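Trainee: Following the hints, complete the assembly by docking chain L onto the known chain S.
Protein chains: 2
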Amino acid sequence: MRVGYLGPAATFTHLAVSSCFQNGAEHVAYRTIPECIDAAVAGEVDFAFVPLENALEGSVNLTIDYLIHEQPLPIVGEMTLPIHQHLLVHPSRENAWKELDKIYSHSHAIAQCHKFLHRQFPSVPYEYANSTGAAAKFVSDHPELNIGVIANDMAASTYELKIVKRDIQDYRDNHTRFVILSPDENISFEVNSKLSSRPKTTLMVMLPQDESGALHRVLSAFSWRNLNLSKIESRPTKTGLGHYFFIIDIEKAFDEVLIPGAMQELEALGCKVKLLGAYQSYQL
Amino acid sequence: MRVGYLGPAATFTHLAVSSCFQNGAEHVAYRTIPECIDAAVAGEVDFAFVPLENALEGSVNLTIDYLIHEQPLPIVGEMTLPIHQHLLVHPSRENAWKELDKIYSHSHAIAQCHKFLHRQFPSVPYEYANSTGAAAKFVSDHPELNIGVIANDMAASTYELKIVKRDIQDYRDNHTRFVILSPDENISFEVNSKLSSRPKTTLMVMLPQDESGALHRVLSAFSWRNLNLSKIESRPTKTGLGHYFFIIDIEKAFDEVLIPGAMQELEALGCKVKLLGAYQSYQL
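If you read the sequences in order, they're chains S and L.
The first sequence begins at 1 in the UniProt record's numbering and counts up one residue at a time.
The second sequence begins at 1 in the UniProt record's numbering and counts up one residue at a time.
Honestly, the hints are just simulated from the structure, not real lab data.
There is no bait here: all hints are sound.
Heads up, the list lumps identical chains together, so a pair's fine if it works in one copy or across two of them.
Derived DSSO-like pairs (lysine-lysine); straight-line CA-CA distance at most 27 angstroms: (1) K272 to K231; (2) K274 to K115; (3) K194 to K252; (4) K274 to K238; (5) K238 to K252; (6) K115 to K98.
Given the structure is predicted, the values throughout are model-derived calculations rather than measurements.
The following block holds chain S by itself, in its conformation from the complex (with noise of 0.2 angstroms):
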């Protein structure tokens, strides 16, 4: 089994991917999230792994964007992962650490650790990385350069990074959500026998025109049949300002009758719907 992940090795996703699968499956890192859609799609890999969206910066709207607009893969299977922050430099910088000349990691990374930078290194500039991965390679690559590194554990291990400061996040509660993709819908995988599981089902909803009233309508649907959502996200359709489509996350395992019933009539109010996955939804 070939799982293609949002490489470098070591970034959060390679730790969901490491963390959700059994061991003897196959991991290869790809450089951007379409890369790795494009590579399940051309049977390069089984799988996918992605993230989706994380509890602190919101949607990953690449990996929305691109099932959506490019590449429509169903979502086979998703995992929650708790993300913890740490502050790592080259090992030669140990005990220089608190007098950096810049910090390096993923946008995302940096935001989450606002506070923290802000207290800490009030005036030392910070640089965006494609990945957290990436970043801790650079550092790992350029001893004379006096930079640290947002990341996690994995790459301190990987590029031999040291922790200078550990969970540095803003918030505790931060987790991040990575769907699963895979163009066999059916396909069946093992997963790590310690994560917990339950059902849920998303579905693309667009509305049929900008008039008052219509989500209204479109919610509605959902609420008579007590299907809770536990998400509703919109998102440009990139055909001008105020153009929007949402991403509707069901906490129910796909039926015969509640969610085609509710899929039907929204279908007959002129909306367009797409079943996008009825998967397990894992975590730790």
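Mentor: Relative to chain S, chain L alone:
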């Protein structure tokens, strides 16, 4: 009159400030959105001018989150600007632009030109800068590097770069909304007389708890009053995955009956409701 904006010079925010205000306003660049908002709170500038939403990439989460969680400044105006992205190089490299080593820009600008880059530069790596203006300045300062930058006309003239390919954004209807913030919600200011305007009201609503149908009931309060919502956006409350607040835009001036009535009812139902601004939305 002093207007703080997300700098450096020649960002799209700077272009929007220049298009919005009458001559005579002093423009003050800030390095980040929080610093710009903080400057308005501290009275260093009369207004903070920052991006809120792009038609392709969606909301600028940092602006929304900083207003909700850190500095609750009222919205006193809004400006919508069409976005044209161009490929710029150092003038000494004008004839060699098809063999770039790297492309540098803000992550949103790179995302907006994804198809162009995929087609024209399939194997050229890109790197994220803090802004399109900062990326243009870097390319201008480093003629020895063979890199291209995605930025606007103002960046080309400010940093003396050469536009080698115009309008490379993937979608034509690309606009960005900017908000004008001020500690004085009744502040008056003159805008460019060529701008058209319409009234808008923006609210924040936090649901009482995770209960089935809560959002449906919130939308009912607007729907039965025929208050047309042009946008509803969910953002995480930062207290854990699955907890959201909602930003709601109403296409109507704040009145004395309908909107206050809806707000009072929502509060009586246990929601937290806040008026973020009642203002004019300007466009060219």
